[in-house]
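Numbering (our numbering), first residue to last: 203 to 357.
Just so you know, these hints were derived from the structure itself, not from any lab. Some hints could be false.
As the list claims (entries may be wrong) - Computed list of lysine to any residue pairs in SDA-like fashion (alpha-carbon distance at most 20 angstroms, straight line): (1) Lys327 with Arg276; (2) Lys327 with Ala246; (3) Lys327 with Ser261; (4) Lys327 with Gly345; (5) Lys327 with Arg290; (6) Lys327 with Asn266; (7) Lys327 with Val300; (8) Lys327 with Val257.
Claimed, not checked - For each label pair, taking beta carbons as the anchor points, the in silico distance ranges come out as: (9) Gly345 with Glu242: 15 to 25 angstroms; (10) Pro218 with Arg241: 11 to 21 angstroms; (11) Asp245 with Gly344: 25 to 35 angstroms; (12) Gly344 with Gly275: 28 to 38 angstroms; (13) Pro274 with Pro218: 14 to 24 angstroms; (14) Val269 with Ala238: 18 to 28 angstroms; (15) Glu229 with Pro335: 16 to 26 angstroms; (16) Arg230 with Asp287: 26 to 36 angstroms; (17) Asp326 with Arg241: 15 to 25 angstroms; (18) Gly275 with Asp326: 26 to 36 angstroms; (19) Pro274 with Gly345: 35 to 45 angstroms; (20) Pro273 with Arg231: 33 to 43 angstroms; (21) Pro273 with Asp245: 25 to 35 angstroms; (22) Asp298 with Arg250: 30 to 40 angstroms.
This one's a predicted model, so the numbers in the text were calculated from it and none came from an experiment. C-beta: ideal position from N, C-alpha, C; glycine also.
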Amino acid sequence: MTTERDHRHVNKETQPPSPRERLYRRERRSVPAARAFAREALDAWGMRERADDVVLCVSELATNALVHGVPPGRGFLLRLLPYGDGVRVEVHDSGDGVPAVPRTDVREPGEGGRGLLLVSELADKWGVAERNPGKTVWCELGGAYFPPHRRAPVT
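With the hints as constraints, model all of the structure from the sequences given.
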């Protein structure tokens, strides 16, 4: 089960898109649900240019929260905050500990251990803010916004 707050704005011409957030339980199905929620928000905002990058960052941050940050019986909060031509992704969890800075020399086989490395490569910037309880892991990706009435530049 998820809880959502959709902060819609009144006038799309004069107001920037409003942030969206959703609370997810500590369940495996929360990660695909978070990806779908992010894609829906980006589509509604007209942020199509880097949508795949944003959705991948959401997936990695949500997965890290579930695997490393969310204590049993708790959940995590995903917030999407549009700014200028980009979007800030925040994942809040109440777990202890702060993620380690990703190593770029990881060459071991397997699927794990590369989430924050991917985020650091895709995002313009990322970081961790300690909270009580827990932390917020965030990233920002610019250049995501192409309004529906404008064309992408020709390359």
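These are the hints, each one checked on the structure:
no.: 1; hint: Lys327 with Arg276; verdict: violated, 28 angstroms
no.: 2; hint: Lys327 with Ala246; verdict: violated, 24 angstroms
no.: 3; hint: Lys327 with Ser261; verdict: holds, 17 angstroms
no.: 4; hint: Lys327 with Gly345; verdict: holds, 13 angstroms
no.: 5; hint: Lys327 with Arg290; verdict: holds, 10 angstroms
no.: 6; hint: Lys327 with Asn266; verdict: holds, 17 angstroms
no.: 7; hint: Lys327 with Val300; verdict: holds, 17 angstroms
no.: 8; hint: Lys327 with Val257; verdict: holds, 16 angstroms
no.: 9; hint: Gly345 with Glu242: 15 to 25 angstroms; verdict: holds, 20 angstroms
no.: 10; hint: Pro218 with Arg241: 11 to 21 angstroms; verdict: holds, 19 angstroms
no.: 11; hint: Asp245 with Gly344: 25 to 35 angstroms; verdict: violated, 18 angstroms
no.: 12; hint: Gly344 with Gly275: 28 to 38 angstroms; verdict: holds, 37 angstroms
no.: 13; hint: Pro274 with Pro218: 14 to 24 angstroms; verdict: violated, 38 angstroms
no.: 14; hint: Val269 with Ala238: 18 to 28 angstroms; verdict: holds, 20 angstroms
no.: 15; hint: Glu229 with Pro335: 16 to 26 angstroms; verdict: holds, 20 angstroms
no.: 16; hint: Arg230 with Asp287: 26 to 36 angstroms; verdict: holds, 34 angstroms
no.: 17; hint: Asp326 with Arg241: 15 to 25 angstroms; verdict: holds, 20 angstroms
no.: 18; hint: Gly275 with Asp326: 26 to 36 angstroms; verdict: holds, 35 angstroms
no.: 19; hint: Pro274 with Gly345: 35 to 45 angstroms; verdict: holds, 39 angstroms
no.: 20; hint: Pro273 with Arg231: 33 to 43 angstroms; verdict: violated, 18 angstroms
no.: 21; hint: Pro273 with Asp245: 25 to 35 angstroms; verdict: holds, 33 angstroms
no.: 22; hint: Asp298 with Arg250: 30 to 40 angstroms; verdict: holds, 38 angstroms
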